[in-house]
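S.K.: Okay, here's what each chain looks like letter by letter:
Protein chains: 2
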Amino acid sequence: MASVNANYLKLKGSYLFIEIGRRVAAFQEAHPDASVIRLGIGDVTRPLPPAVTAAMHRAVDEMGEEATFRGYGPERGYAFLAEKIIQHDFAPRGVTLSLDEVFISDGAKTDTANFQELFAPESIVALTDPVYPVYVDSNVMAGRAGDLDASGRYSRLVYLPCTAENNFRPALPDRPVDLIYLCYPNNPTGATITREALKEWVEYAHQTGAVILYDAAYEAYIRDPEIPHSIYEVEGAREVAVEFRSFSKTAGFTGTRCAYTIVPREVQVTAPDGSRVALNPLWDRRQSTKFNGVPYVVQAGAAAVYTEDGRQQTQAVIDYYMENARIIREGLQSIGLTVYGGVHAPYIWVKSPGALTSWEFFDRLLNEAHVVGTPGAGFGPSGEGYLRLTAFGKREDAEEAVERVRTRLSV
Amino acid sequence: MASVNANYLKLKGSYLFIEIGRRVAAFQEAHPDASVIRLGIGDVTRPLPPAVTAAMHRAVDEMGEEATFRGYGPERGYAFLAEKIIQHDFAPRGVTLSLDEVFISDGAKTDTANFQELFAPESIVALTDPVYPVYVDSNVMAGRAGDLDASGRYSRLVYLPCTAENNFRPALPDRPVDLIYLCYPNNPTGATITREALKEWVEYAHQTGAVILYDAAYEAYIRDPEIPHSIYEVEGAREVAVEFRSFSKTAGFTGTRCAYTIVPREVQVTAPDGSRVALNPLWDRRQSTKFNGVPYVVQAGAAAVYTEDGRQQTQAVIDYYMENARIIREGLQSIGLTVYGGVHAPYIWVKSPGALTSWEFFDRLLNEAHVVGTPGAGFGPSGEGYLRLTAFGKREDAEEAVERVRTRLSV
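These protein sequence lines are chains S and U, in that order.
The opening residue of the first sequence carries number 1 in my numbering; numbering runs sequentially from there.
The opening residue of the second sequence carries number 1 in my numbering; numbering runs sequentially from there.
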């Protein structure tokens, strides 16, 4: 008699985006002439850069010819892409990586969700709050989260609140933890981390034997050269950290799917007999068993991001989104709203005016300004009282959204 | 202090293909002028059909234009592809599916490896022996397999031997099991299953409450109209079976990555409180949390497989491989070797001559005929004494391999 993985039954319903969709649909039905601007979802809108599409066309042609056709690629990805990643994304910042430390995959979502498989089921997990929900849900599915309480917290997870009160800088855990999820630049708050603060985390991991799962999917949006792009810019991180990166928000790959994860050879965890086991060969085994590599055509497109044209074109797209971020951030500030993020990140984290909850602010914004955000409470209990806007839309929508908030919002 | 998932330490080393590579490399070093023919690995060699590459080119162009660019697609895949799958792969065989029962993914390997996550960790797993190693390894990683014994068997897995003695037809399990992996046409033996035999499995699952995980990745190679392509051709299968399909071997997608899994709404498993839980929404939740959909360009290419041109072109490729299979099968038979499979499957399962083990036969074939196969023992204990050859190579290699075996093999 087949039985369910009972951990799945502990998942909170995925109410957030369903509920957003429901409220937007109800509004549009009641106001069929209203033009709604969607700044809620974190999806890009600019097309793939010409250098990327040109490379993909060439790769499609190769796949159509017997002499150049490619079947199964390496599960960890082609060396031609891994070499470019090392050379362009890490070497200029003083980080040395070898080819076998780079694992190319179909998404940072996939990798941040799956990496926890390598750890013991009873591991204690710490995560910042608010947080990307995938870190939580993947650990719920694995049985590490415990039970959900009335406050929206799971009993075995260690929440590290990030609010305006602590300048969105999480304190070190107040009890022993085994895994720590960090995301900088942060989704959803748009906060960054200084080199000094990152150093504290690396030292903490060394002292306690914890492993840091570092999500750097938004590093391309950093503008200040002093802010670290990679956790490996901090000495000692190779022994304690795994890093996740993505082409999704860098080069418009949300619908094209390519990302990569760095697993340094030095990161080790403890086996039941007390011996130490390296994570790198375990992740290699996991990927070889449960994954079959990224499409050749997609890897060829990703490699083109690192050509001179590709770099200029992707930078232009990032600049475009960051100008949106500036327009939204400064526009809302000029109206008197309190706004965080949006400087080194494509996310703007808006404080609900007055005593409004996240959802009340969401409703006001939708009903009065016809603008859709994402209620901060959807990212965790400490997101209550905030709302996330994204910079990934069109320029005219960013401008129009600000103008509407200015002229129509009653709070 | 981070600890390892100790189940990973129970994995058998992936010795098979490493050992094959080691022996082939050693042979080539000793015989630099020998031209080795590789019929070991199950990877395709024919290029993508023109209808597919044309559709991929169009899709790349769409991704390069703002008006037609696509960001995140549905995690379960685009309806334009799911509709074609239902219409062409199932409707003609009398199977009715709805859109929300089709989950498009990046590979049948990925899905057959990941689907076990939905079941209780203590589930008892039955699998045919020999078997596709991913079914075993993914359950070892999940802690369901127990310990490896000297015979190469895991203590908690239920092995269903498939050998010439039982005509490669596994007996029903002799003890209670919760999950059953079946693969037809079979990798590695090339065996098929009759409608009557499949009906017995479906009835068994109904009687015992087991769930069947049915891998039909090679269904396109079936030639006899009486052999079922889908388990849903058997009445009652919608309540007890999940089916895995792939474009890899149908349309040359091993390096392009697209597959799909059917999870009928009726399949249920038991919760700890005795209530019944449907697998379909659980798999939806799993995919939404840990996966982000297949690249649009790839799904557009897969949809083109179902155009009139696409169907003719993919059929021509399958015919090409099946002619290879015939050449190998009949050629080896004419030499006096005992050969199975290769009629409705791209795999030829060769009995080792005399009392040779799989590896002894492998060595003879390599050293005398310069032909590489895969030792059957690598697929499980009951694969001992067999060797797998594949039909996915070039025509001239299939012909030359047979000629070499005829003229050079001493056994």
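Keep in mind that the hints were calculated from the coordinates and are not lab data.
Treat the hints with care, as some may be off.
It does not matter which identical chain is meant; a pair holds if it fits inside one copy or across any two.
Claimed, not checked - Taking lysine to any residue and the SDA-like style, the derived pairs with C-alpha atoms no more than 20 Å apart in a straight line are: (1) 10 x 381; (2) 12 x 344; (3) 12 x 278; (4) 351 x 338; (5) 12 x 148; (6) 10 x 277; (7) 394 x 13; (8) 12 x 359.
S.K.: Under the constraints set out in the numbered hints, which ones does this structure not fulfil?
M.R.: Checked against the structure, the hints that fail are numbers 2 and 7, while the rest are satisfied.
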